[in-house]
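S.K.: Sequence:
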Amino acid sequence: MPTQEQNAVPNRIPTSIITGFLGAGKTTAILHLLDQKPANETWAVLVNEFGEVGIDGAILSSKGALVKEVPGGCMCCVNGLPMQIGLNMLLARKPDRLLIEPTGLGHPDEIIATLNGEHYRDIVRIQATMTLLDPRKINDTRYSENENFRKQIQVADILVANKTDLCSEDDKQAFYEWVKTTRPDLHEDAIGWIKHGRVDPSWLQHTAAPSDYSVPAPPESKLPFIDIALAPKQDIVRKENRGDGYFSCGWVFSPKYLFDMKEVLNLVYSLDVERCKGVFRTTEGAAVINAENGGVTVYTVAEAPDSRIEVIDRQALEVESLETLLNDILISETTT
Numbered sequence: 001m002p003t004q005e006q007n008a009v010p011n012r013i014p015t016s017i018i019t020g021f022l023g024a025g026k027t028t029a030i031l032h033l034l035d036q037k038p039a040n041e042t043w044a045v046l047v048n049e050f051g052e053v054g055i056d057g058a059i060l061s062s063k064g065a066l067v068k069e070v071p072g073g074c075m076c077c078v079n080g081l082p083m084q085i086g087l088n089m090l091l092a093r094k095p096d097r098l099l100i101e102p103t104g105l106g107h108p109d110e111i112i113a114t115l116n117g118e119h120y121r122d123i124v125r126i127q128a129t130m131t132l133l134d135p136r137k138i139n140d141t142r143y144s145e146n147e148n149f150r151k152q153i154q155v156a157d158i159l160v161a162n163k164t165d166l167c168s169e170d171d172k173q174a175f176y177e178w179v180k181t182t183r184p185d186l187h188e189d190a191i192g193w194i195k196h197g198r199v200d201p202s203w204l205q206h207t208a209a210p211s212d213y214s215v216p217a218p219p220e221s222k223l224p225f226i227d228i229a230l231a232p233k234q235d236i237v238r239k240e241n242r243g244d245g246y247f248s249c250g251w252v253f254s255p256k257y258l259f260d261m262k263e264v265l266n267l268v269y270s271l272d273v274e275r276c277k278g279v280f281r282t283t284e285g286a287a288v289i290n291a292e293n294g295g296v297t298v299y300t301v302a303e304a305p306d307s308r309i310e311v312i313d314r315q316a317l318e319v320e321s322l323e324t325l326l327n328d329i330l331i332s333e334t335t336t
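Residue numbering for the sequence shown is 1 to 336, as defined by UniProt numbering.
It is worth saying that the hints were derived from the structure and are not from the lab.
Just so it is clear, the structure is predicted and the values come from calculations on it, not from any experiment.
Think of the CB as a built atom: it goes at the ideal place given N, C-alpha and C, for glycine as much as any other residue.
Treat the hints with care, since some could be wrong.
[Stated by the list, open to error] Label-pair distances were calculated between CB atoms; the ranges are:
| hint | residue 1 | residue 2 | range |
| --- | --- | --- | --- |
| 1 | N266 | G245 | 27 to 33 angstroms |
| 2 | K256 | E177 | 50 to 56 angstroms |
| 3 | V319 | Y269 | 18 to 24 angstroms |
| 4 | G285 | T182 | 30 to 36 angstroms |
| 5 | G285 | Q84 | 36 to 42 angstroms |
| 6 | D165 | N11 | 37 to 43 angstroms |
| 7 | N327 | D185 | 27 to 33 angstroms |
| 8 | N293 | D96 | 32 to 38 angstroms |
| 9 | N327 | E284 | 18 to 24 angstroms |
| 10 | T182 | N327 | 43 to 49 angstroms |
| 11 | T297 | A92 | 32 to 38 angstroms |
| 12 | G285 | E177 | 41 to 47 angstroms |
| 13 | E145 | D272 | 19 to 25 angstroms |
Please construct the entire structure, taking both the sequences and the accompanying hints into account.
M.R.: Okay, structure coming up:
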């Protein structure tokens, strides 16, 4: 637990963790926060994804933030080395604020323990840990009985119900009753009910609860730290991962390829998977496509250095079939 003397260390970088299960809207919330940040400040984002190809980093970079990705499972695994490498690179840039987005299947308590450890406690000042969730899922045993989901709820200094535009009044009442039972210690100003990831920037200033978390011994399963990049003359990279009962597969396509936007949407709508997210270079410009629970959101970005897509499901994926479908909708090859 940080001491009073440690809390008095000046010039530490304000740091918040934005956590939540798969599909809770973490990246959208961070995009909103980056839009609201003071113009004279530089913010950094350390982002971790279960998948291997790094979709969120490509999205967040479009906002001008300093971004470092840790793809391929929980960033605290393997003695926390992936997290330390990414964190050190960002801290060396001396940002005005640091946001950390763990994978939806990660261990936020271990990240807090690392930040409270001797290597970082005089460099970062931990502020609020914000947990986002879809209130329609609080009684779904696939979530409520998941250890990572429960940890995300317990570490929250701010607990935010997102995607409320899809909720009924009964959902809202059930959420607040659930919070009273699950986190009776939370004050009403630490509970949010929002749409489209529009978190209140002032929540970042919320005081973090004292933490007794300690860094555990490294687990048996070791996930690699992989920075995905296309080799010279390499057109497509495919990476697969599995863990915590989920399977993922991601692809990175050379920037010389374009996709037909309509066909991409048709493909995404046709997929019966837990989660699908991608950044595509299309004939209509660069676009981010996000699919979860049968809903699909699309928005444009100024540019994308390449195209990449990640698919996550509880069942083993038909990887070869998916790759064939993707190749079938490549419609143009640009000159480079």
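S.K.: Verify the CB-CB distance for D165 and N11 against the hinted window 37 to 43 angstroms.
M.R.: Since D165 and N11 have Cβ atoms about 40 angstroms apart, the given range 37 to 43 angstroms holds.
S.K.: Taking the Cβ atom of T182 and the Cβ atom of N327, is their distance within the range 43 to 49 angstroms?
M.R.: 46 angstroms, holds
S.K.: Can you let me know if the beta-carbon spacing of E145 and D272 is within 19 to 25 angstroms?
M.R.: The hinted range 19 to 25 angstroms holds for E145 and D272, with Cβ atoms some 23 angstroms apart.
S.K.: G285 and Q84, beta-carbon distance inside 36 to 42 angstroms?
M.R.: 37 angstroms, holds
S.K.: The hint says 18 to 24 angstroms between N327 and E284; measuring C-beta to C-beta, is that right?
M.R.: About 20 angstroms separates the Cβ atoms of N327 and E284, which means 18 to 24 angstroms holds.
S.K.: Taking 27 to 33 angstroms as the stated bounds, is the beta-carbon spacing between N327 and D185 within them?
M.R.: 52 angstroms, violated
S.K.: Starting from the hint 30 to 36 angstroms, judge whether the C-beta atoms of G285 and T182 obey it.
M.R.: 43 angstroms, violated
S.K.: Is 18 to 24 angstroms a correct range for the gap between the Cβ atoms of V319 and Y269?
M.R.: 20 angstroms, holds
S.K.: Given a hinted range of 41 to 47 angstroms, is it respected by the beta-carbon distance of G285 and E177?
M.R.: At roughly 45 angstroms between Cβ atoms, E177 and G285 fall inside 41 to 47 angstroms, so the hint holds.
S.K.: Measuring from beta carbon to beta carbon, are T297 and A92 in 32 to 38 angstroms?
M.R.: Since the Cβ atoms of T297 and A92 sit about 34 angstroms apart, the hinted range of 32 to 38 angstroms holds.
S.K.: Is the distance from the Cβ of K256 to the Cβ of E177 consistent with 50 to 56 angstroms?
M.R.: Given range 50 to 56 angstroms: holds, Cβ gap about 54 angstroms.
S.K.: So the hint says 27 to 33 angstroms: do the beta-carbon atoms of N266 and G245 match that?
M.R.: 29 angstroms, holds
The structure is inconsistent with the numbered hints 4 and 7, although it conforms to all the rest.
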